[in-house]
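In order, the protein sequence lines correspond to chains A and B.
Each position in the first sequence, counted from 1, maps to that position plus 2 in the numbering used here.
Read in the numbering used here, the second sequence has 236 at position 238, and its numbers run on one by one without any break.
Everything labelled a hint here was simulated from the structure, so no lab data went into it.
Using N, Cα and C, we set each Cβ at its ideal position, and we do this for glycine too.
You may find that some hints are simply not true.
[To be verified] Partner residues aside, some chain A positions facing chain B, computed with beta carbon under 8 Å: (1) Val31; (2) Leu32; (3) Pro33; (4) Ile37; (5) Leu41; (6) Val46; (7) Ser47; (8) Leu97; (9) Val126; (10) Ala139; (11) Ala142.
[Claimed, not checked] With a straight-line cut-off of 27 Å between C-alpha atoms, the simulated DSS-like cross-links for lysine-lysine are: (12) Lys118/A / Lys147/B; (13) Lys5/A / Lys265/B; (14) Lys55/A / Lys66/B; (15) Lys118/A / Lys66/B; (16) Lys118/A / Lys63/B; (17) Lys66/B / Lys5/B; (18) Lys250/B / Lys265/B; (19) Lys147/B / Lys63/B; (20) Lys55/A / Lys5/B; (21) Lys250/B / Lys147/B; (22) Lys9/B / Lys5/A; (23) Lys9/B / Lys55/A; (24) Lys118/A / Lys55/A; (25) Lys66/B / Lys9/B; (26) Lys5/A / Lys63/B; (27) Lys5/B / Lys5/A; (28) Lys5/B / Lys63/B; (29) Lys250/B / Lys262/B.
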Amino acid sequence: MLKSVIEWTWVLAIFGVAALIGNWFGMDVLPWEAIPGMLVLIAVSLVGLMLEKALPFSMPAVGYIGILAIIISLPWFPGSDYVVAWTSQIGILALATPILAYAGISVGSNWADFRKLGFRSFLVAIAVFLGTFIGSALIAEVILRWQGII
Amino acid sequence: MEKVELKTVIKDWRLHAIAFILVAITEAIGQFSIAVGPGVILLLPMLYAFFLGLGLYFTPFISEKNAKNAEPLIILGVTLLIAKIGVTIGPQIEAIIAAGPALLLQELGNLGTIFLALPLAVLLGFRRESIGMTHSIAREPNVGLIVNKFGFSSPEGRGVMAVYIFGTVFGAVFLGLISGLLATATPLHPLSFAMASGVGSGSMMAAASGSLIGAYPELEEQIVAFAGASNLLSLSTGLYFSIFIGLPLTEKLYSIMMRRSERKAAKGGGPNA
């Protein structure tokens, strides 16, 4: 466990550096202003990864991480003002850019499989993603309007 | 995640240096938008980063080993993204609860996949492959479900793998491109698309909601919170949704469609006439 935790910390820290660079170049937030928020996010991720290993439930780490992050930022949670203020220095896109940079590098190895797909599979796959996206948006639109939220 | 040793991943300085440079360059370039009819396609740094990264794979800068080492960074990077989304949801918990009915019911929108894609797949000549292809967006739990039920080398298994591969390579980029376009070109509200962005994959959600934020920066906090809550819901309920609703419905519709085309064939014309 300890070995895993140390390795996770390293990988998260490397990714954190990439995100801080993106945050700096893209949103003009100086890295040292965003470091406290990044440390909070890394800590939450580490706890979630540890819970996944330690607890017997079949919930993935991202489940624990999402719930934990929501709880510590609820208005009545002690210190949540700091959590929210610090993490607000990190833009969501600054985290998305390095994910897609690494994803681009990584999917190269799937390229051979991808090329074998053929045009018909490609069309169906596009319809699959379009279908769920538009379907969900239509239902959300109807209910949100009906509730008067939008 | 245990496929590669994390120790070697951490020490792959070449990979990380390239990723840092990609992020710096793409973020420095910034966002562009192209007008397409009434809407806009947003070109965001994350899209350039993806394509530059993919392009580098075919150069000597990135080896097969570097590419494999990138996988744990995606998985752990997504955990940071989920943490960031969580701390954006917390302060808005009342708004999320108020939007609860919409959040829950839009999960049914996943059925849109079946109604749109299944007829297309059958029309294009796929047979039982189409069940694997169109019962869901084919993320890892769904691949598991299909392989478990039909076997990896079954037609259904081949079908689910085809959509899985497409999603892995282009899912995030595709949703990123269409979400900005649809939100600006259709009368639907960006917050409806924010909920739709939570398809159950961290990188796809980030790309889809990222484009929405690019188009509507004043709604950033709400977009992230709605997309994130919807994604969390999809992650926790998506597999059960497929087991009890998505897959049975796909199989039922498929057999109805097949029966109809058989009847047509029996009448004479044949399916292709």
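Verification of the hints:
no.: 1; hint: Val31; verdict: violated, 11 Å
no.: 2; hint: Leu32; verdict: violated, 14 Å
no.: 3; hint: Pro33; verdict: violated, 12 Å
no.: 4; hint: Ile37; verdict: violated, 14 Å
no.: 5; hint: Leu41; verdict: violated, 11 Å
no.: 6; hint: Val46; verdict: holds, 4 Å
no.: 7; hint: Ser47; verdict: holds, 4 Å
no.: 8; hint: Leu97; verdict: holds, 5 Å
no.: 9; hint: Val126; verdict: holds, 5 Å
no.: 10; hint: Ala139; verdict: holds, 4 Å
no.: 11; hint: Ala142; verdict: holds, 4 Å
no.: 12; hint: Lys118/A / Lys147/B; verdict: holds, 25 Å
no.: 13; hint: Lys5/A / Lys265/B; verdict: violated, 69 Å
no.: 14; hint: Lys55/A / Lys66/B; verdict: holds, 23 Å
no.: 15; hint: Lys118/A / Lys66/B; verdict: holds, 20 Å
no.: 16; hint: Lys118/A / Lys63/B; verdict: holds, 22 Å
no.: 17; hint: Lys66/B / Lys5/B; verdict: holds, 13 Å
no.: 18; hint: Lys250/B / Lys265/B; verdict: holds, 23 Å
no.: 19; hint: Lys147/B / Lys63/B; verdict: violated, 33 Å
no.: 20; hint: Lys55/A / Lys5/B; verdict: holds, 19 Å
no.: 21; hint: Lys250/B / Lys147/B; verdict: holds, 16 Å
no.: 22; hint: Lys9/B / Lys5/A; verdict: holds, 15 Å
no.: 23; hint: Lys9/B / Lys55/A; verdict: holds, 24 Å
no.: 24; hint: Lys118/A / Lys55/A; verdict: violated, 37 Å
no.: 25; hint: Lys66/B / Lys9/B; verdict: holds, 13 Å
no.: 26; hint: Lys5/A / Lys63/B; verdict: holds, 23 Å
no.: 27; hint: Lys5/B / Lys5/A; verdict: holds, 10 Å
no.: 28; hint: Lys5/B / Lys63/B; verdict: holds, 13 Å
no.: 29; hint: Lys250/B / Lys262/B; verdict: holds, 19 Å
This entry does not satisfy hints 1, 2, 3, 4, 5, 13, 19 and 24, going by the numbered hints stated previously.
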